[in-house]
Every structure is written in structure tokens, then in C-alpha cells.
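Each protein sequence line maps, in turn, to chains V and S.
Heads up, the first sequence is in our numbering, so the first residue is 15 and it goes up one at a time.
Heads up, the second sequence is in our numbering, so the first residue is 16 and it goes up one at a time.
Calculated directly from the structure, the hints in this document are not laboratory data.
Hints may contain errors.
The calculated DSSO-like cross-link candidates involving lysine-lysine, where the alpha carbons are at most 27 Å apart (straight line), are [as the list claims (entries may be wrong)]:
#1 K30/S with K153/V
#2 K153/V with K173/V
#3 K328/S with K350/S
#4 K380/S with K328/S
#5 K380/S with K350/S
#6 K30/S with K173/V
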Amino acid sequence: MRQEIRICGFGGQGVITGAVILGKAAAVYDGKIACQTQSYGPEARGGAASAMVVIADGPIGYPGVHAADVLVAMSQEAFTRYAREVKPECIIIVDPDTVFSWDIPHIVHPVRSTKIAEELGNIVVANIVMLGALTALSKVVSREAILAATLASVPARFKELNRSALEAGLEAGTGQAA
Amino acid sequence: MSTYRERIRQALGGKVQFVQGDDACAYGAILAGCTFFAGYPITPATEVAERMSEILPLLGGCYIQMEDEIASLGAIIGASWTGAKVMTATSGPGFSLMQENLGYGIMTETPCVIINVQRSGPSTGQPTLAAYGDMMQARWGTHGDHEIIMLCPSNVQEALDLTIVAFNLAERYRTPVLLFIDGELGHMRERLVIPEDGEFELVDRVRAERRAGYKPFEAGESLVPAFAPFGSGYRTYVTGLTHNEQGLPRTSSAPIHDQLVRRLSDKITTHSDDIVRYEAYHTDDCEIAIVAYGLTARTCRDVVDEGRRRGIKVGMLRLITIWPFPETLVADLAKRVDAMLVPEMNLGQIVHPIREAVEGRCRVKLLAKIGGDLHSPHELLEALEELRCQPR
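Full structure from sequences and hints, please.
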């Protein structure tokens, strides 16, 4: 089974870091096959950024996303651009403080990742909040794997902050799961 | 006290990792025994240099950031003559600058590995995007008659595995070996399992054994001369000029030039069975064969599966060794199929040696794509459907 996940927003929000952690969770900690790619502009911050993860049980051919099973959008521009490239049953998660309009037939799960991260003390973990919500809503990776991958990917002094962000995201996602 | 191989393991980290194609090339080099890297950073190859700059100092190796790519290849050629296994990494603009020293490496029979993480050209083109536009430059970029060895992996694991192979071929045939990936594969992360020692072959260049009467460019049946590193007490001359077996310039003798340059070519072409690697996927009964390489071949594998579901008898020949070109392999396939589809992330380069090998025995359709996007499964399937509908 092949699952395609896209995390998008603008440069600086950690969408690529989020995708790398997700891929690592699948490939290293869940023992699946995973492939992560990205596209971004030449700007370090502010340009449109999109990161893709394909998770499968066998070899992955085409490494890109043509119709996402899971879409996480952290900016209006990214949402508008990528909400078209999704499957009918796609799980869509947006930050309602940065994505204002989502007029599509899909069920959209709003998760206030930026606000939650701010309340935890640092806006940079908004991407990790989203990873928590994505894990709770989509189950593309296990909770154990996403926690292990997150902690293995951040500096020691930020481990607790990231753990809290992940847990907050898992809780926000669980509250909305069908 | 841990052994060198144990220290390599420690330096590379966990057995299972989620890393980029560039990282995998660096890891492969370290596992192959590379102790010297000189390079000039360039997108999308910079991560190869980054990893080498982190790992080599831990192992007592040497990393040098050079002033440019001409000097980078010059430095590794010099280091190779001390007996070290050496590598550099670059992208198209840097590979262009390396052409002069690439020929020097071939003429002086210097083992070395060059990684090219291709981006679009000409010139500085599209730095962050994928392309396979340097395939023919690899073959004929440096002047004069010569053969070259080039490998093209399709995924991150293979980038590691084939970098080891590249070192082994460089050592065995005493020649520069090219490993080409692209910006997408270079920056793509996948599961990488670091192989154990014993799970892969390690080759060292054949060393000179007798100082008396030693001629640095005298080759026996293997066509590869025995190597004596600088500083080991042997008298060795090294020049890019046409030279005799002693290594001394002999620039106006037709027989000496003919003998030398033919031997340099023959040592590659007569060993093509050892050098050529490929993967055949559902080619036994196929009517249409996709002939692909590198990143594109991944998508083609999906397309073969989907094509078969639609009742198209399609298979794929994935070229792993591009140079020397596996002419017999392609010619044999051409006898058995109606058509070949050649998708390339350039305006048509490897389609030329393919057509030459096919000699009109089947139709050959090029599906060229440039600009940075990969071939989509959809457009490949469309091309297949078109080929199926065309009369023979």
C-alpha cells in the first residue's frame, strides 16, 4: 500500500523538517519503506515550501505526490495550490490562523498549531504540533515511531519542548478523529 | 584500540538511517576506503562535501576545500599517486571545469571517483532541480580518444552501493570513474541500510612488487599496469603527454601513441562484462521495452506494472552502467521487441547510442523532458499507449 503525504507552507515554518521526521519515523522506527522529497524557492524564508513523503510496504517507484492521502497546509498560498492535488478521501489538516479559506468538499481539520506552539513557549514547534495531529488523524506512522523520530532529530535542550508539542498535536488530532 | 574499520562504523552512525542521496555517496566512499576528498561546494552536490568534511577528520583522512573544480580534480589525482583512494563531487558547472583534468586522469591511469549531482544546464541553469543533461559530456567532454566508466544509481541505497563499486572499478582498471545522480536524488531522503564489511567487495589497485626493471606503464595481460606510489622508492614519471612504458614523453611516434591509447581503451572495453551492470524487469516476454536509467527508471518500474495491468506487454531494461555502453545487451533486446521507449531528463542523449545499437531492428521513441520535473506515470503510460497503437 502506498500513501502520499504533503506538508506545505512557507519557508521557515519547518515543513521540510516535519517531513524528514515523518519519513524517519516510518523508515527507521516503523520499519517501512519511505521516501521524502521537497520543493522550495531560493529564499531561506518566506517562499512557498512543500515537502512530500511517500510511505509504502514495498519499493517506491515515482517518488513524488500526485494525489495526496494526507495534506497538511500551513499557509493560504500553499493550501490553494496543493488542495487540488488530493484524493477524494484525503485527510486535510490546516492551521486556521494561517489558512483562512478552504472551500472544498473534503472534511478539513483545523489545528491551531501556531497558537499551540506559542502557548508552549516557542513558535518553531508548530510543525511538530502538526506531526502530532497528522499521526492521530491518519495513522500513517505509529505514535511510538513519531515520538522516537522527533526526539532523535532535535537538539537535547529542545527535547522536552518538542515532546510537549507532539503530545499537544496528538491531543488536538485525537479530538477531531472520526 | 578500535580498528580502522570499526572507527568507520562509529563515524557513519546508526545501521539504519533516513538520509539523502548525497549523504549515501559520501558514506559509500568512506566504506570503500576513501581517505582524501578535495572539492568545491556547489548545489546540489554540497552535502557530499559536507559529509566528507565531517567524517574524514574523525578517521585521520584529509578534506580540502579547493579554490575551484579544476584544482579539486588536480588535488585528488595527486593524492591518488600517493596510493590513497580519492574522490571529488560536483555538479554540471564544476564538471565542465573538470574536463581537462579528467583527460589527464585517464592518460595517467589514475584511480579516482567523481560524483556529479546533475542540475540543468547549459551554464549555471537551474541549481536546485534535477536533470540528466551531462550524460554525453561524461562520454566525450574531455578531448581525445578514450573510454570512460560511468554508473547511474536510481535510489539512495544504490547511491551508496554503487559508490563502493565505482571505487572498486577505479582501482581495478586504474582510471577515473564517474557516478552520476541528479539534484532530486541527491536531496531525496530514503531508508539506508549501511552494509556490513563482508557484504561488499573491496578492491585495491595492484601494486608493483619488484623495483628492478620496474616500468610504471608496462601492462601485462590485464592491460592495467602495476602501481608504485610516490615516495615508495620506485622511479615513476607521470605525464599527460603520450609516453612510453617508462612514463617518458614520446610525442612523435605513431606506434607508441597508437599502442598506448588503444591499450587505455581496450582495458575498459575488453572488461565490459565485469563493468556493465543492469536490471531487467519483465523483459522476457515484452513487446515494448522501456530503456531507462537513474531517477526516471523508478517511475518506469511503476509504469511497467500499470501497463501490464492494462494488458500491454511492457518491460524495462534499466541501465546501471551507462559507459561503456552495453551495446550487445541493447542489440539483443532490440531483436525481441517491437519498440523501445527511452525517457530521458534531457533533450535526448542516451537515445543515440541506443539507436546505434538497435540498428533499425525496432522502433525507438524518445520521451524527452527538461525543466526539473520528473516524468509522471501518466505521461509515460500515454507514450506506451501511443507506441502500442502504432502499426509495426
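To see whether the hints hold, each was checked on the structure:
1. K30/S with K153/V: Satisfied, since the Cα-Cα distance of roughly 26 Å is no more than 27 Å.
2. K153/V with K173/V: Answer holds: K153/V to K173/V is near 23 Å, not above 27 Å.
3. K328/S with K350/S: holds, 15 Å
4. K380/S with K328/S: The hint holds at about 16 Å.
5. K380/S with K350/S: holds, 16 Å
6. K30/S with K173/V: Distance ~23 Å between K30/S and K173/V Cα, so the pair holds.
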